[in-house]
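Each protein sequence line maps, in turn, to chains A and B.
When the letters of the first sequence are read in order and numbered with this note's numbering, they come out as residues 41 to 369.
When the letters of the second sequence are read in order and numbered with this note's numbering, they come out as residues 41 to 369.
It is worth saying that the hints were derived from the structure and are not from the lab.
Certain hints may be false.
Okay, derived cross-link-like pairs now, BS3-like style, lysine-lysine, Cα gap no bigger than 27 Å in a straight line [claimed, not checked]:
id	chain 1	residue 1	chain 2	residue 2
1	A	K93	A	K170
2	B	K127	A	K244
3	B	K51	A	K265
4	A	K51	B	K127
5	B	K265	A	K127
6	A	K244	B	K134
7	A	K178	A	K134
8	A	K51	B	K265
9	A	K134	B	K244
10	B	K265	A	K134
11	B	K244	A	K114
12	B	K51	B	K114
13	B	K114	B	K81
14	B	K134	A	K127
15	B	K114	A	K265
16	A	K51	B	K244
17	A	K127	A	K51
To spell it out: a stretch of chain B is covered by chain A in this simulated footprint if at least three of its residues, at any positions, have a beta carbon under 8 Å from a beta carbon of chain A; those stretches are [claimed, not checked]:
id	stretch
18	235-247
19	335-344
Since this is a predicted model, take the numbers as computed values, not measurements.
Note that the Cβ used here is the ideal one computed from N, Cα and C, for glycine as well.
There are 2 protein chains.
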Amino acid sequence: MPEFRQNLATKEWVIIAPERAKRPSYSSRKKKKIILPEYEKCCPFCPGNSSEKDPAVFAVSEAGRWLLRVVPNKYAALLPEISPIRKRIANFLKVEGFGVAEVVIETREHNLTIATMDVSGVRRVILSYKERYEELMKKEGLDLITVFRNYGPLAGTSLAHPHSQIIATPIVPLWFRNQIEEARRYCDDTGRCVYCDIIENELKFNERIVMETEHFVVFEPYASKSPYETWILPKLHNSSFRYISDREISDLAPTLQNALIRLHNAVDNLNYNYFIRSAPIGDDTVEHYHWHIQIQPRITTPAGFELGSGIYINTTPPEEAARILRGQM
Amino acid sequence: MPEFRQNLATKEWVIIAPERAKRPSYSSRKKKKIILPEYEKCCPFCPGNSSEKDPAVFAVSEAGRWLLRVVPNKYAALLPEISPIRKRIANFLKVEGFGVAEVVIETREHNLTIATMDVSGVRRVILSYKERYEELMKKEGLDLITVFRNYGPLAGTSLAHPHSQIIATPIVPLWFRNQIEEARRYCDDTGRCVYCDIIENELKFNERIVMETEHFVVFEPYASKSPYETWILPKLHNSSFRYISDREISDLAPTLQNALIRLHNAVDNLNYNYFIRSAPIGDDTVEHYHWHIQIQPRITTPAGFELGSGIYINTTPPEEAARILRGQM
């Protein structure tokens, strides 16, 4: 029996419809695994290649060799040196594309990923996110910092070398403002953070938990938009990622890696995006928002129904996904 | 120079960034064209095959042969016979999956599509949308009717036989309520429908118009979310598709076909979704909403930036897309 479920935090509805997986021509995305080399001559991010000429805005080095570099995105959709002036012609409003776009080159090795690198490497990646997040907060005119990672062509990666991206924009998009407003309303009504309540309820019902660590809870949200959507919520309430502590980073590194290993094991040819959801700059101490990581495997193609109605159909109930993921280590 | 542009109607921002198309490994989706047969033994929608056993909720026949059939979706994500009772366990809210899902089998021929069938066939398809729209409005408990079409695997089609879909839900999703609220606010401020104003401005500036007919304007929106996003707006203000007149249908059939032919000619291996955006049931006479068709070619894969920030990056300025589409007939 299909059912609508509401995401308590965002008030978005999804349809959980396992029966629909039976429809004809529903093909799995199973493909031959591509074995990558450790070094790729044409890869701009590999050691000695073109991106090494770009001055790093942040780097970690050891014995004269870089281990991680953060560089400006060469093909940035936004530029840091222009001023965000609004121009209106008749009813058409535009702002020059001010913003910052950076690439985190996570490691020297072309053929690693978060799931396969040393856990110290994952720790370094998270640390670089925090360093850049704090630095970009100081730049005038920016309102939102989005840290994300694309893995695999179905997730929109244009380069295989392990990398994440950081984009800072002078705009907080409408959907995010609306989500924050929903969370604020919940806080007005109950005096509590909706994400703190979600953690409490998920742990209590224990149907969708993938794992729990000292500082984090990994679970499949009740109203998952697509199969294997996975959230990592810090137990400690903070609206902004900037407040992640060293102890939390040391816990998050193996937790994020573990969650991704489980997903790689559960899903053939896993492609995914993950994002760090964090309050807009200026809202970074509010009671009603709670930063977290959202991992979105790219398994199904949103079709006209999803794009047209905005309601997502998910054929894998999150309880089933959690059960499978729990068995994967 | 990249720029942010705001959609006047929805208040959503996009980034228009033609420079970004130059980034490495940005592959076109050019593929070998698949030639389909007129009849396919395994296709449930071809004449004489399995779906003919399903009683049609609407059909057009000629000389004892059906030309178009609307049938319940066998693999529906929603079911019409259950009652939408809300259940709350702790903070988890769900409603049984009440709703209606129908398939419009547009023609007997397996290998046609809107761009290649007779214009009388397209007229029949639009007429069937209206017939079902009006019929579903009468069913108790439904709030929103979404008519859409998926073309090609990148658009999420599971079957090649030409078909559209109609889904009616007891829920108006949050993003759509917010969009309607933005349109209402515009109407409060100006006394005018924002879509009527968009038509007026687009015709006046004439930079993004693809074609104009007696009753419709086809254009690339100023803040197009992706390359070749195309809107078909009726000149006559009506908030609901239910009010489309016979004369408008007769004009829309060749207009929709013409717009799709131009898109097929401009884009290699075109995959697309289109949706009819229409006010929720009950809001069908409001001044501030204006029904329209949105055609969304599936050319680029939304990546972490789009999914994470909710701001879409479009590498083809709509002015350029409109210029190319104007040259395609």
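Going through the hints against the structure:
For the proposed pair K93 (chain A) and K170 (chain A), the alpha carbon gap of about 24 Å is at most 27 Å, so the pair holds. For a cut-off of 27 Å, the pair hint linking K127 (chain B) to K244 (chain A) stands: about 18 Å separates their Cα positions. Straight-line distance between C-alpha atoms of K51 (chain B) and K265 (chain A) comes to about 24 Å, which keeps the hinted pair within the 27 Å bound. The hinted pair formed by K51 (chain A) and K127 (chain B) meets the criterion: a straight-line CA distance of about 15 Å does not exceed 27 Å.
Taking the CA atoms of K265 (chain B) and K127 (chain A), the gap is near 19 Å; set against the 27 Å cutoff, the hint holds. For the proposed pair K244 (chain A) and K134 (chain B), the alpha carbon gap of about 18 Å is at most 27 Å, so the pair holds. Of the supplied pair hints, the one linking K178 (chain A) and K134 (chain A) holds, its CA atoms being roughly 24 Å apart against a limit of 27 Å. With a C-alpha separation of about 24 Å, the suggested pairing of K51 (chain A) with K265 (chain B) holds against the 27 Å cut-off.
The straight-line distance between the Cα atoms of K134 (chain A) and K244 (chain B) is roughly 18 Å, inside the 27 Å bound, and the hint therefore holds. Proposed proximity of K265 (chain B) and K134 (chain A) is supported: the alpha carbons are some 14 Å apart, at most 27 Å. Pair hint K244 (chain B) plus K114 (chain A) does not hold up; C-alpha atoms about 37 Å apart against a cutoff of 27 Å. With a CA separation close to 37 Å, the supplied pair K51 (chain B) and K114 (chain B) exceeds the 27 Å bound.
For the given pair, K114 (chain B) sits about 19 Å from K81 (chain B) by alpha-carbon distance, which is consistent with the 27 Å threshold. Restraint check for K134 (chain B) and K127 (chain A): not satisfied, since their Cα atoms lie roughly 45 Å apart, outside the 27 Å limit. Straight-line distance between C-alpha atoms of K114 (chain B) and K265 (chain A) comes to about 22 Å, which keeps the hinted pair within the 27 Å bound. Proximity of K51 (chain A) to K244 (chain B) is assessed by CA-CA distance (about 40 Å); at most 27 Å being required, the pair is judged violated.
Annotation: proposed proximity of K127 (chain A) to K51 (chain A) is violated, straight-line Cα distance about 34 Å (limit 27 Å). With 5 residues bearing a CB less than 8 Å from a CB of chain A, the stretch 235-247 of chain B meets the requirement of three and the coverage assertion stands. Coverage of the stretch 335-344 of chain B by chain A holds. Counting CB-CB distances below 8 Å, 6 residues qualify, and the rule asks for three or more.
Comparing the model with each earlier hint shows violations of hints 11, 12, 14, 16 and 17; every other hint is respected.
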